[in-house]
Structures are given as structure tokens and as C-alpha cells.
Amino acid sequence: MSGVRVLVGTRKGAFIMTADGKRQRWDVSGPHFGGWEIYHMKGSPADPDRIYASQSSSWFGQVIQRSSDGGKSWETVGNKFAYEGAVGNHLWYDGTQRPFEFARVWHLEPSLDDPDTVYAGIQDAAMFRTTDGGQTWRELTGLRNHPSAPQWQPGAGGMCLHTILLDPARRGRIYIAISAAGAFRSDDNGETWRPINRGLVSEQIPNPTAEVGHCVHRIAMHPSRPNVLFMQKHWDVMRSDDAGESWKDVGGNLPTDFGFPIDVHAHEPNTIYVVPIKSDSEHYLPEGKLRVYRSRTGGNEWEALTKGLPQSHCYVNVLRDAMAVDSLDPCGVYFGTTGGQVYASGDAGDSWTPIVRDLPSVVSIEVQTLP
Amino acid sequence: MIRVVLPAHLRTLARVQGELKLDVAGPITPRAILDALEAAYPMLRGTIRDQVTLQRRAFVRFFACEDDVSQDSPDDPLPEAIAAGAEPFLIVGAMAGG
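Chains U and W supply the protein sequences, listed in that same order.
Counting in this note's numbering, the first sequence runs from 32 upward without gaps.
Counting in this note's numbering, the second sequence runs from 736 upward without gaps.
Keep in mind that the hints were calculated from the coordinates and are not lab data.
Honestly, I wouldn't trust all of these hints.
Claimed, not checked - Straight line, CA to CA, 25 angstroms or less: simulated DMTMM-like cross-link-like pairs of lysine to aspartate or glutamate:
no. : chain 1 : residue 1 : chain 2 : residue 2
1   : U       : 111       : W       : 810
2   : U       : 111       : W       : 773
3   : W       : 756       : U       : 106
4   : U       : 111       : W       : 770
5   : U       : 111       : U       : 222
6   : U       : 103       : U       : 170
7   : U       : 43        : W       : 810
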């Protein structure tokens, strides 16, 4: 029977949760790398036993871990993320220019077909790639050298490149998102980039429809329909039907369109999930209710999913990388909270049960569907 | 032999227990010790000092014979007791909460 492996990154270590295809009984291992922030872990689509983890600490910096046995054992690999060439400047919070400075790896995106090739999104925003299983990392300089880079500015969490989507139909096409610069697309495997933010409106920047400066929180894509993108922005839930060339607001009847994660059902490309948060300064759930909102129409019409989720006195948040889906049938949906709960749904969100309730604050969730 | 004490998280990362003992050539300075440490335990590169600038990470401190030598030049000689192995060179995570 097939199964799932849930990779959970928290503020104080990593946890790995496994279950068979029924997704009812869970084995939980961890903490791995206890005491370290695990911003992201992700397995290779080409080899599910190959997993990469971003491990970081304010004291001891960045470490990259690699497993070749599904997370049972780990080895450190290369952790040198050096900007290439002139470092350049970006906009700082106070409006001055400030040099790019490496802080941490936010997101690791393994190649679709080569376990040794991985893309890394870092803070301050830049894109790196390894082709030797993480031993060495080279910057894809075309992004940070984009003429708009001096106008990029950090969001509250830092100027992070947090989303990397690889187009399975058109090889070499990559979408990324930066807080707060916006979304960018490359059609040549990361060599050159251009902003894809037409249609975004952000009242928090001097020109609300500027080419860059938008605080995109997350982008999601269904692999069968890679030209359709869904975006959770600082405010606004957006959709693009033309590979990011233009965007329209699909927030519809959401109670608030502020939030962080967004994801797509594994088998229904028009079914999407968000977790609305009260506001940009109140990063917790509206009305103290933990509600996942699902749209089966690709946006605009949303239903609250509450069965099994706390509906009173709940003031957690769900961070941008802390939601994922499996590809079993029915589709499983998973998310983790800043309160340390990891919830799973084995019926596409109709009902939820906690896998664990009391982890450190959850930063990221990824799910592997195992043969 | 130079004795080096790592903070717990770096001992875990390096997969060692207790004190380390390192052969360090030439004058015994923080830089010489870190060069030898990183050569013996490459997984520690970048965790104590930046890999490009070689600047000490802000929340890491170096103690020698009950003195904080973090702000000294990395090329300043360390006390004879460190060079002789009578006292360990301490690499410490700053007391900064978290």
C-alpha cells in the first residue's frame, strides 16, 4: 500500500511523520537537528529517499543537510552561498539603499528529474542552484542583477525568496516570488528573469501598480495546468491564467484576503486552499476560529472548512510554506501552525485531525506520496 | 596539541563529544586554530566565521584563559597556556536567549 511522509520544519528542529495510505495512524520521528530553525525540507520527485533540509541558527548560520534514505540518516553538504560579482544594493526599511547580505535559505526546490539538482531561494533575495547534490552552490545571477533589484525591499520576515515553482510541461520555465519584490519568471532555466506582477495592486507602496515592490506571500500551481497560477499576496488572493502575464483578484467571499499559504488540490486543478489571517498587523485567525477556505471554482467562491478544527480561542497563524497536499485519492491536505499543531485531512479538507498538537512553531510542511 | 571546546550544537554537527584536540602549526592564534578546526571538520565551515570574509559570526565568542578574546585580532597570539594545551580554547554561543 502506498503511504505518505510529511516533512515538518519548525523553529526548533525537524519532524518526520509517516503513515500508510489510510493516513490515520502516524509514526512521528524527531526532533532532528534539535534547537535549529528548519526553514524548509523537501524530497526529490525523482528519488523520494533523497531529502534536503535547510537548517539555520542566529548563532551558527546556515547548514544544509541531505538524506539519501528517506530521512533516517543525514549528512551535511555545502553551505557556502556567496553572491557572485558585484553585490549591489536593495531598498531598506528606512528608504535607504543597503547591500545584499546572505541570511538563510528559505526554500529548497529539488529538480523534477535529477536528485542532485536543487534550487535554493535565499534571504537576501537571490537564487542558487546545485548540480552535485548540494556540495556546491552557484548563484543564478540574472535575478539579483535585474535592473529592478535596487527597488526590492524586505517584508517583515526579511527580503526572502520563498517560492520556487518548476514548470513540468515547459522545461526551463521557473516561477519565483520575493517578499517584497513580487513574482518573477524565467524561461531559460534561471539565466534571465522578468517581473510578472501586472494586475497586482498594493496600497502599501507609492505606486500601487508598480512593476515590483509587491509583497507576494506564496504562489501555487497544478502540474497539469502550469499556466494557471494562484497567489496569496500580502492582501489579495490572485489568479493568473497566462503564466503570470496578468493577474486578477479572486478573493471573492473570503472573510479577509490576507494570509500566507495557498495550495492546489492534487487532482482538481481548480480546487484551491487558503487560510485567511485577520490583518497584516494581526497575524492570527479572525474570530479565533481556525478555518481553511476552499474554492472549487479556482477562486471567488469560497467555503469554510472547519470540521475537526478549533472554532474558539484559536489565534495561531499558518506560515507561507506550511501547507502541502499529497497525491493520494482522495487528496490529502496538511498544514502546520505557529502554535505547533500539524493537521491532516484525508478527504480533501472536508474534515481534519491533528497528527501532533504541541511541536515548536511550524515553519514549513512538505508531503511526499510514497509508492 | 591544542584543546578546543565547541558549543553543544556544533559538537552535534561535527559528531564529536567532549573536547577536541588539534595539531596546529605555527603561532597559536584564533585564526590558526579555526583553520585547523575547519580542515578537520569541514561541516563547521560557515558556522563560526563567515566563509567568504572570515569574520566571526556575531553571536559567537572566543574565550581563552578566562578572557574574552573575541574582539582581538584573529592573528594575535593566544596565551601560552592555550598553546601548551594546559587550557582549552573555548568557542561559545553568545548568551542571547532563543
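Check: Can you list which hints this structure breaks, lowest number first?
Finding: 6 and 7
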